[in-house]
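Each chain, written out:
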Amino acid sequence: MKVSSKPIIRIALTLFISILGFNSAWANEEGHGEEKPGKYDPVGTVMNHISDANEFHVWEGVHIPLPCFLYAPETGWSFFSSGVFEHGHKAVDRYVINHGRVNRIADASFPMGEVHIEGVHGKKEMMLVNGKEKEVEVFYAHHDGKEYKLDKPSTLDGGMMGGGITSFYDFSITKNVFTMMLAALLLIVIFTAVRNGYRKNEGKAPSGIQSFFEPFFVFIRDEVAKPMIGQKHYERYMPFIMTLFFFILFCNLLGLMPFFPGGSNVTGNLGVTMVLAVLVFIVTNVSGNKHYWQHILWMPGVPSFVKVLILTPVEILGLVIKPFSLMIRLFANISAGHIIILSLIGLIFVFGENGTNLGGGIMGAVLGGAFTAFMNLIELLVAFLQAFVFAMLTASYIGAAVEEGHHDHHDETHHAH
Amino acid sequence: MTQFVFFGGFSVMQPDPGLIFWTSVIFILIWFVLGRAAFRPIQNALKKRDSDIQHALDEAKRAREEIGKMQSQNELLLREAQEQRTAILKEAKEIREATIKRAEEEAKAKVKAMLAEAKTDIEHMSLELKTSIKNELGNMALDIAEKLVRKELKSNTENMELAQKLVEEIKFN
Chain S
1 MKVSSKPIIR IALTLFISIL GFNSAWANEE GHGEEKPGKY DPVGTVMNHI SDANEFHVWE
61 GVHIPLPCFL YAPETGWSFF SSGVFEHGHK AVDRYVINHG RVNRIADASF PMGEVHIEGV
121 HGKKEMMLVN GKEKEVEVFY AHHDGKEYKL DKPSTLDGGM MGGGITSFYD FSITKNVFTM
181 MLAALLLIVI FTAVRNGYRK NEGKAPSGIQ SFFEPFFVFI RDEVAKPMIG QKHYERYMPF
241 IMTLFFFILF CNLLGLMPFF PGGSNVTGNL GVTMVLAVLV FIVTNVSGNK HYWQHILWMP
301 GVPSFVKVLI LTPVEILGLV IKPFSLMIRL FANISAGHII ILSLIGLIFV FGENGTNLGG
361 GIMGAVLGGA FTAFMNLIEL LVAFLQAFVF AMLTASYIGA AVEEGHHDHH DETHHAH
Chain E
1001 MTQFVFFGGF SVMQPDPGLI FWTSVIFILI WFVLGRAAFR PIQNALKKRD SDIQHALDEA
1061 KRAREEIGKM QSQNELLLRE AQEQRTAILK EAKEIREATI KRAEEEAKAK VKAMLAEAKT
1121 DIEHMSLELK TSIKNELGNM ALDIAEKLVR KELKSNTENM ELAQKLVEEI KFN
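Chains S and E, in that order, are what the protein sequence lines are. When we follow this note's numbering, the leftmost residue of the first sequence carries the number 1, and every step to the right adds one. When we follow this note's numbering, the leftmost residue of the second sequence carries the number 1001, and every step to the right adds one.
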C-alpha cells in the first residue's frame, strides 16, 4: 500500500510544484543518482536554487542548455553548450555538470574530449578552511571505476566564503547572465519605444507604454535625482541613476517570476551587486570636487590631531563602506526573499515526509502556498523598494561628491547618510 | 553538518569572475545605450514639455490679464458713452424745452402783433367808416336839403310830406 501510493503522491506534488514553477526537490536526485533517493535536503535545495547555473531548469526533466565559455590555464578555452553534459553523464574536456553548474576534473590523467561518466556524487570530507578543520562537501565524478575530484569554478572571495581560485574560470552565459541579458534587451526595447513615444507625441499628452513609464521616470527625477544631487548637476547623472534603478528593478522582477525565463537570483548574487557598487564608487569619486575631497581628507575647522587620528581614517573608510553597504543591502534583501519563498515551498516536502505522508504534504501545500503568495506580494514591494533605495543612496553619494562648498547647512543632511 | 553545507554551498556570496565580467559588460552597455538612445532624449523631451506647459500657462495668464484689462477699458468706454448719452439727452431736452419756449414766445409775440395790427386796422376802418358815414350823412343832408328846398317851392304840406318821406328813406338806408 505504502509502496504504491508513493509514486502517486510524488506525481501529485511534483505537478503542484510545477504549477508554482519551482522545480521539485527530486531534481537533485534525478540524473545525479548518487544521493540517497527520497531524502529531502531543504538547505541544499534552497542553496541550489538561488545559485547561478549553467543550464535553465524549466521543470522536472526539462533543462534549457546555455552556452559555456570556460577557461582553464592548463587546457585553454573551451566553448560548447551545457547540453553536451547530458545531465551529468558525460564529461567534455574534463568538464562535467554538477547540480547545474560546470565543474572541472583537475586530474590530468582524465581523458580530454567527450567521455562517458557514471555520475557525480558528493562526499563530506574534513578540510582545512581558514586554518580550521571543517567538514566540506566534495564532489567526485566516476569513470572506469575510479573517482575524480571536481573543482568548482574560481571565485574571487579568497576562500572567505568557501570559494577561491581553482583550476578553471567560468565565463559562460549562465542563468544569471542570461536573465541580465534579457533584462537589458527588455530595457532597450521598452525605453526605445518610450523614447519614440516622446518623439511621436511631441507637444501632446503621453500615450501607451510611454505614459506607463513616465511616472517612474518623473518620480526618480523629481524625488531622487533632483533633491539628492541638486538642481545644478542632476541632469548629468540621470542616465546612471535611471539605468541603475531600471536594471535592478527589472532583474528583481524577473527573479520573482517563478518560471522560465525568470527565477534567477540575479540581484541576490554578490558578484552582480558588487559590480553595481563598484560602478557607484567610481562614478561618485570621479565626480568628487575639491570641496568633497577636502571634507574627506582634511576637514576644515577641526583640530589636526582629531583629523589625523579619527576623522580622516573614518572618512576614507566611509568611501568604501558606502558602496559596500549598497552591495550587501541589495544582495541580502533579494537573496533573503528567494530563500524565504523556497523554504515555504520546501515545507510541502518537510511536512509530506518526502512523499510518504499525503496529509502532511497537503497541509504543507496549503500553508506553504498561502505564505508563498503572501511573501510574493512582499517581494514585489521589495523589488521596487530595493531598486529605489539603491538609486536614492547612489544619488545621495553623488550629491555629496558634487556639492558646492558654500551650502554648509546641506552638509549635515548628506553626512547623515 | 547542515551548517557547513550552508556556508560551503552559499555560492551566491562567492563573486564569480565570469558573472562580474558579464554584469559589467551588460550594465555598462545599457548605461551607454539607454543613456544615449533613451534616457537623455526622454529627459530633454520632458524638460521641453515642462517648459512648454509653463510657457502655455504663462501665456494664458497674460492673455487673461489682457482680457481683464480690455474688459475694464470697455467698461470705462461704456460708462463714458452712457455719460455722453445722458448728457446728449439732457442737452436735447434743454434744447427742446428752449425751442418750445421760444416758439411759444414767438407765437405770443406774433399774436400780440397781429392783435395790435388788427386793432389798428379796426381803428382805421372805424375811422374810415365814421368818415364815410359823416360824408354820407353830409351828402344825404345836402340831398335832403336840396329836395326840401325844391319842394318848398311847391307847397308846405307837400314839403312836409316830402320831408317826412325823405327821413323815412334815410332810416331805410
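Do not rely on the hints blindly, as some may be mistaken.
Straight line, CA to CA, 25 Å or less: simulated BS3-like cross-link-like pairs of lysine-lysine [as the list claims (entries may be wrong)]:
no., chain 1, residue 1, chain 2, residue 2
1, S, K232, E, K1047
2, S, K204, E, K1061
3, E, K1047, S, K204
4, E, K1048, S, K232
5, E, K1134, S, K226
6, S, K200, E, K1047
7, S, K123, S, K39
8, E, K1048, S, K200
9, E, K1101, E, K1134
10, S, K204, S, K134
11, S, K90, S, K134
12, E, K1048, S, K204
13, E, K1047, S, K226
14, E, K1069, E, K1047
15, S, K226, S, K322
16, S, K232, S, K200
Each pair of labels, with its calculated beta carbon distance range [stated by the list, open to error]:
no., chain 1, residue 1, chain 2, residue 2, range
17, E, K1061, S, I188, 39 to 47 Å
18, S, G164, E, I1053, 56 to 64 Å
19, E, S1051, S, I188, 46 to 54 Å
20, E, V1025, S, K200, 26 to 34 Å
Treat the hints as calculated values from the structure; they're not laboratory data. A virtual CB, placed ideally from N, CA and C, is assigned to each residue, including glycine.
How the hints compare with the structure:
The hinted pair formed by S/K232 and E/K1047 meets the criterion: a straight-line CA distance of about 14 Å does not exceed 25 Å. Among the hinted pairs, S/K204 with E/K1061 is consistent with the structure: their alpha-carbon atoms are about 20 Å apart, no more than 25 Å. With a CA separation close to 14 Å, the supplied pair E/K1047 and S/K204 stays within the 25 Å bound. Our distance criterion of 25 Å between C-alpha atoms is met by E/K1048 and S/K232, whose separation comes to about 17 Å.
A threshold of 25 Å between alpha carbons decides the hint, and for E/K1134 with S/K226 the separation of about 133 Å lies outside it, so the pair is violated. A hinted pair counts as satisfied when its Cα atoms are at most 25 Å apart, and S/K200 with E/K1047 qualifies at roughly 16 Å. Using a Cα cut-off of 25 Å, the hinted pair S/K123 and S/K39 holds, with the two alpha carbons roughly 15 Å apart. Using a Cα cut-off of 25 Å, the hinted pair E/K1048 and S/K200 holds, with the two alpha carbons roughly 14 Å apart.
Proximity of E/K1101 to E/K1134 is assessed by CA-CA distance (about 48 Å); at most 25 Å being required, the pair is judged violated. A C-alpha spacing of about 67 Å is found between S/K204 and S/K134, which places the hinted pair above 25 Å, so the restraint is violated. With a CA separation close to 31 Å, the supplied pair S/K90 and S/K134 exceeds the 25 Å bound. At roughly 12 Å between alpha-carbon atoms, E/K1048 and S/K204 fall within 25 Å of each other, so this suggested pair holds.
At most 25 Å may separate the alpha-carbon atoms for a hinted pair to count; E/K1047 and S/K226 meet this at roughly 13 Å. A hinted pair counts as satisfied when its Cα atoms are at most 25 Å apart, and E/K1069 with E/K1047 does not qualify at roughly 32 Å. Distance check on the hinted pair: S/K226 and S/K322 sit about 20 Å apart at the alpha-carbon level, within 25 Å; holds. For the hint linking S/K232 to S/K200, the alpha-carbon distance of about 29 Å lies beyond 25 Å, and the restraint is violated.
Distance hint for E/K1061 and S/I188: a CB-CB separation of about 41 Å, consistent with the stated range 39 to 47 Å. Judged by the Cβ atoms, the range 56 to 64 Å given for S/G164 and E/I1053 holds: they are separated by roughly 58 Å. At about 28 Å, the CB distance of E/S1051 to S/I188 disagrees with the hint of 46 to 54 Å. The hint said 26 to 34 Å for the Cβ distance between E/V1025 and S/K200, and at roughly 32 Å that hint holds.
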